[in-house]
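The task is to assemble the complex, starting from two chains supplied on their own in separate frames and drawing on the hints.
For the record, the sequence lines run as chains A and B.
Just so we're aligned: the first sequence equals residues 1 to 355 in the numbering used here.
Just so we're aligned: the second sequence equals residues 1001 to 1369 in the numbering used here.
Simulated from the structure, these hints should not be mistaken for lab results.
Hints may contain errors.
What the hints assert, rightly or not - Okay, the calculated beta carbon distance ranges per label pair:
(1) B:GLN1123 x A:ARG149: 17 to 23 angstroms
(2) B:ALA1083 x A:SER42: 40 to 46 angstroms
(3) A:TRP300 x B:LEU1101: 54 to 60 angstroms
(4) A:LYS18 x B:ASN1124: 48 to 54 angstroms
(5) B:ALA1159 x A:GLY314: 52 to 58 angstroms
Just so you know, even glycine gets a beta-carbon here, dropped at the ideal spot from N, CA and C.
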Amino acid sequence: MPLLEVRDLQVRFSTRGKTVYAVNGISFDLDPGDTLGIVGESGCGKSVSSLAMLGILPKPAGRVHGGQVVFDGEDLLTLPDERLRHIRGNDIAMVFQDPMTSLNPVLTVSRQLTEALRTHLDLGKKEAAAEAASLLDRVGIPDARQRLRDYPHQFSGGMRQRVGITMAIACRPKVLIADEPTTALDVTIQAQILELLRTLVREEGMALILVTHDLGVVAGICERTHVMYAGRFVETAPTGELFANPRHPYTVGLLKSVPRLDAARKQRLDPIGGAPRDQTSEPTACAFAPRCAYASTESWEQLPVLRELDGATGPAAHRVACWNPVPEQDLVAAGIRQAPTGRQTGDQPDEERQA
Amino acid sequence: MTDTQPVDTATRQDTDLVRVEDLKVYFPSNDGLIFGRKGNDIRAVDGVSFTIRRGETLGLVGESGCGKTTVGRTLLRLYDPTAGRILFDGNDIASLSGRNLRRLRRRMQMVFQDPYSSLNPRQNVANIVSEPLRVHGLAKGSEADRRVHELLDIVGLPAAAANRYPHEFSGGQRQRIGLARSLAVNPDLIVADEPVSALDVSIQAQVINLLEDLQNDLGLTYLFIAHDLAVVRHISDRIAVMYLGTIVEVAPADELYARPLHPYTKALLSAVPIPDPAVEASRERIILTGDLPSPANPPSGCRFHTRCPYRQPTRCDDEEPALRELASGHTAACHWAEDIDSGTIQPRQDAVAAPLGGHSGDAAARPVA
Ligand SMILES: Nc1ncnc2c1ncn2[C@@H]1O[C@H](COP(=O)(O)OP(=O)(O)OP(=O)(O)O)[C@@H](O)[C@H]1O
Ligand SMILES: Nc1ncnc2c1ncn2[C@@H]1O[C@H](COP(=O)(O)OP(=O)(O)O)[C@@H](O)[C@H]1O
Ligand code: SF4
Ligand SMILES: [Mg+2]
Ligand SMILES: [Mg+2]
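Chain B extracted, bound-state conformation (with noise of 0.2 angstroms):
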């Protein structure tokens, strides 16, 4: 965000809140059941690294099943990581338990994706955003709904909402109360798992400006995981890209747009449908042939290899690119990165969807803003 804090933002990035070292979760397979035989590991996360600084957005983006919500989860402590270090304000998350876990606990919190399900039903929303606090010991009694009303009040909700039930709210105020009672252990880090998704898009732009003033007013840090590339870019400072469990560019948000570097998030940014006719007719799109690989068998060498449309004949298929520093702050894994930048290899023809060209004449016709 290029807001008007300079000073602020300065002496808070500086340290790192969270810091994620080549973290493996990996998940006993099911397959063995329905094939006959011991299926693989589904390595969900396998060998990420990524920082996330004090007071940033962190917009983490991939196709469904990469591994984006395990890691979320993972951060949490939810799931316990199969190799690799999470250091949440310098403690190894992982060598933590019983009280100093939920001490840090309480500085981390989840928001979901569903408003419907995550929600207790037959709980009114006053108990439900009180839950934590009684939780950790922090209030009870009136010192408690003292405590709901201002949350209430900071995720823009009325008073009375504090005696009704979740199923009487529309899907934008559910995720109002389940922020709110994510913010009531005035936690350090939210991590925000496509929080906006199963909303309206008229009620979407509400949600992220509210979690926009929430970080600003709080000093919250995000980690926000979407599959909405525009909702991404809008709110993060930093973007990771994943793919099949692994991280395969990480840019400031407006970098990444410009100048993708790895050709998966290329190809992910070509995909993202423009709301403008002249925008699409107008455009080449890199069309990805296939689809994600299983997880529990990735490719070998670079695990995009099967679908890279700039595949090479050497490296791509044995050798794994590591993340690698291309410009300051901007890191891809991607053997061919620079060559692919700078045009020297381009992408197979068969890859790229000419424009659509004049599907309804007027768009055509309309120079490209």
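So that you can see chain A by itself, here it is in the shape it has in the complex (with noise of 0.2 angstroms):
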């Protein structure tokens, strides 16, 4: 049994009278120690998700329209709120893109951390605050044990952003969502923050749940990553397999959009046209039709649902939900992969199935 399961997970937002239709049934499996990415545009859902999955909508406007999230053979959606609570303490801890969300601005780092060290850890005074300080170390905030009487504000969006980690770890979580823990961060801080989730990751067997709107960054942390648009999964696939043969349309979009640092300067960008859904309906066919070049009358007719490809399964499996799949030879027009004939395309993808 995987460590959470998240089963057909939908959410509605209903607001003077208009619903939006914000997460329209996800699924996937975790187990400890895994890395997933899960990829999409501004308002596909993302955080919607993770704020469902903990409990956290925003009230009353928010409600989990269906499906299960079930941790630890417990569905979260349907216990007390102070079950809920202790496992949002302890089991499940979350990493926002603005720190102060999980930060008391007017207590100092020492008694925030302390405190939560105590509830939940059962810690006395003296060992949480030892605790505390070797946390801050940790997470690479230098005079650690000075910095701790010190107040949010005085330290820097990176450290900051540390602190908010350092907070949410405190309790060795299972399992640490983070919804774009470095976009409001510079690239040389944004490393550094990546850097140190690796390393929590790999040293604490905690599973990590990374949400971005960024390629690059689950390029290098997720082992699996899933694209996400207007409130479902279109493609998922182990990391490596989606970035050298993405099949779903609008993947393929994202990554020829995007200007690459490491490859040769393209005379033009590939936009993808017009813009994202606006979801105040229900989809009942696939959401990126309007804007795909592959789209057929099925597109515009019937919702489709993710597919394994090539028949893999398990951890290896990669799926795509779409009517139409990019063609092969269309993504070695794209520059996404070399022509058959070269030696490695081919017979690639096989290989990491055995993996």
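What follows is the structure, given as structure tokens:
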């Protein structure tokens, strides 16, 4: 049984008579030590999914419309508040884009950390203080002991995010959900924070769900990646496979539209036309059809579900929700894959599957 | 850009449209109020020199707070320089006032990062786009209407957009409205301050292509400010890298990426995540420690010495490095650039993160393209 099992999660918002269909049935499993990326554009439902899993949707507008989030045998969506709060403090923790979300501006960092440690880990005052200092040290805050006396606003953005991560990992959660943890930071500071997350996952055996809009960020840290569009997963695969052999037109579109530092400069970028779907109606067909060059009658009429590509299952599975997955020669034309005559491309996905 | 207009660019580029000489922009500090002592001035821009050639795109990159926006705003004289000179088409903008300043200002326009707050929510698009025409007394009435439709067409918006309000548009469309507005007065120079940073990736490419088309069609000159290095490299002819109020390196776009000469540029480039797990798994990265120091109290000598993985026991701490030309059109401000480039000086080991290796098995097995 996986550590966390999300099944057909659906979330809607109702405001002023309008309904926003934010998350429209997502499913995934998470095992201890897994690193899972969720990528997609603004508004596609990444944050709402995370908040719903933890039972912290903004009330009363947001509500879970259906599905299950099973953690250690319990469905989090039906648990009493108190039990859920316990799990949130101890087993599943969250890091936000804006670390101030999880920090109290009027309490010193020491106070917040030691309180969390004392309530959740049942430590005495002295032990908690020592543990707090060692945690800050662990996340790379220089002069940890001294900085404990500071208030959150006295830290820089990068340091504040380190403190946010410290708060999240203080109780050694089994699952860490990080929602755009580096989006507000400069690249050099982002690199520090990603390095820290990598180390924590490796050394603490935590499972990580990393939510981001940045394909580069998932490429460096996640084993498996889900691509999200209009509240649904449209493609999911081991990260290496996803980037080398993307098959959903949206994934391919994303990869084609970003300029890359490590490739020759392109004359012109290939944008995805149109704009993201406004989610005020329930999707009954492929939500990407209006922007898709491959759309067929089916795309406009029927909702595509995630289907295994080439029959691979288990951890190697590559699934695509598309009536017309991008053909290989188009990937070659787009420079994403080499021509099949080359030595690498053709057989490589198979090697991966055995791994 | 390796575009196909050699004659045109050659004749255009032999003069500089903008020439900035030892520009300094200081802001009074508020620190004094909080910590009970008089703070130093914030040296947002502290001795910056560069030129922008006619028709080119100069990219300006660097971490937040390093002074990019301040440079851009001072070019347009939205801030007054504390010291130094800015020549626009040969005119010293600091010495102008009244009608002359207005006339010059018409030739420089700004496009902002935030397509939400930069448009007046109570004005319809026609009014927003035509406002500069009215301010400069260039057109009114039906002539202005005609110009608005022309501008909307140029930026790829339907004519019907004219009667609608900003909140009815997406971020990318709002950025187009902002562009139409800045083009209304036929400017020569556009300072684009993070014009695509707030947009989704799929939309960013649309706006970047539009900026490039407009430049080709209208002969615009751009100062393109952004923190996304891949985007900057795509759009720029040359790139200037800023650190803590100074320029540390300037080079043609491709050259900067192929052969960065300043340690800060090296670190910046190596920190950019590449959307390819195989590349991510195999490359060495320089991880800078610490944060950007305060611009109110910049480090002595080389401003980067507190974080520099190549810092040497001599000169770095106490001698300010000048921008030196190290290759044709390629300048850098580091005392040790040659030795670092040749490999004689290596970075401190603890600053180099080992390649990630096979975080996902499959990625590591794949040869790097
Ligand atoms: N409090 C709310 N009230 C109404 N609608 C909401 C609310 N919060 C989110 N939504 C809607 O739910 C959908 C998903 O939002 P969500 O915040 O999950 O997007 P996201 O993928 O995290 O985007 P971003 O990359 O911008 O963070 C969007 O259509 C959004 O407008
Ligand atoms: N109007 C202002 N008053 C005081 N300080 C400012 C002002 N504008 C910018 N600064 C400071 O000047 C420095 C450079 O800022 P800015 O040019 O906005 O940087 P960037 O655009 O590179 O992020 C920062 O330390 C910033 O806080
Ligand atoms: S001058 Fe010294 S500290 Fe500055 S960048 Fe060069 S090596 Fe580093
Ligand atoms: Mg979000
Ligand atoms: Mg700025």
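Verification of the hints:
1. B:GLN1123 x A:ARG149: 17 to 23 angstroms: violated, 50 angstroms
2. B:ALA1083 x A:SER42: 40 to 46 angstroms: Once the Cβ atoms are compared, 42 angstroms apart, the range 40 to 46 angstroms for SER42 (chain A) and ALA1083 (chain B) holds.
3. A:TRP300 x B:LEU1101: 54 to 60 angstroms: holds, 56 angstroms
4. A:LYS18 x B:ASN1124: 48 to 54 angstroms: violated, 24 angstroms
5. B:ALA1159 x A:GLY314: 52 to 58 angstroms: holds, 55 angstroms
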